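Asker: Throw the hints in and build the complete structure from the sequences for me.
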Amino acid sequence: GAVVSQHPSRVICKSGTSVKIECRSLDFQATTMFWYRQFPKQSLMLMATSNEGSKATYEQGVEKDKFLINHASLTLSTLTVTSAHPEDSSFYICSARAGVAGGNAYNEQFFGPGTRLTVL
Amino acid sequence: AQSVTQLDSQVPVFEEAPVELRCNYSSSVSVYLFWYVQYPNQGLQLLLKYLSGSTLVESINGFEAEFNKSQTSFHLRKPSVHISDTAEYFCAVSPKMAAGNKLTFGGGTRVLVKP
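Protein chains in written order, with our numbering: chain E, 54 to 173; chain H, 2 to 116.
Simulated from the structure, these hints should not be mistaken for lab results.
Keep in mind it's a predicted model, so treat the numbers as computed, not measured.
A hint or two may mislead.
What the hints assert, rightly or not - Subject to a maximum C-alpha distance of 27 Å in a straight line, what follows is the list of computed DSS-like cross-link-like pairs (lysine-lysine):
#: 1; chain 1: H; residue 1: 103; chain 2: E; residue 2: 108
#: 2; chain 1: H; residue 1: 103; chain 2: E; residue 2: 117
#: 3; chain 1: H; residue 1: 79; chain 2: E; residue 2: 73
#: 4; chain 1: E; residue 1: 94; chain 2: H; residue 2: 115
#: 5; chain 1: H; residue 1: 79; chain 2: E; residue 2: 94
#: 6; chain 1: H; residue 1: 70; chain 2: E; residue 2: 67
Answerer: Structure below.
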């Protein structure tokens with residue numbers, strides 16, 4: 054099946070610094086990538102949807118200036134957590150989807166392994 | 002909008018015993034349904050999905066789920082669990098006929114298989 058990687062797998066940073074997380078589709082072209090965050094023992098919450106070459110669409114309540122998303126190519130999307138604070142500590146998971154959704158077609162999302170962010 | 006409810010947050014079960022994880026959803030439109038499994042500190046893996054056709058779907062490792070439209074449910078079952086089935090299981094839905102194909106997840110059910 055399709056493979057999605059994330060880098061880094063784990064990052065610890067000081068409060069106030071910015072952290073960039075990469076999401077790559079290794080063997081397919083991802084027209085759409087999704088970013089989720091997951092707090093301990095909780096479910097995944099969609100943060101934003103990014104389409105290659107266009108601005109990301111953020112879910113309600115997600116600060117677009119704090120969580121910068123760039124989807125510059127069909128195989129790479131990045132999430133930058135700017136001026137990170139301890140409350141931003143979480144497990145961030147991306148997923149990638151090929152093709153165009155809609156109609157009766159379903160294009161599967163393939164998930165990355167996640168990045169655990171700890172802000173001290 | 003869609004919502005997904007997983008009624009059990011934790012399910013302890015003995016090895017080789019059956020297990021059922023309950024999932025109910027709410028949606029004003031038709032949806033696709035999914036079960037994902039997450040092992041500790043890992044991303045999600047698709048376990049099985051219902052897109053159309055037969056309401057009973059099976060995975061390669063012995064899990065099955067049945068779509069019940071009248072009860073808006075998609076319960077997951079396995080007749081005999083292994084230690085390796087210890088994981089978190091998420092039920093999810095995605096609206097049909099929607100450009101985004103966004104997934105809405107339930108709260109998750111943690112399965113702990115005991116020897």
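Asker: Could you work out which of the previously given hints the structure breaks and list their numbers from low to high?
Answerer: 3 and 6
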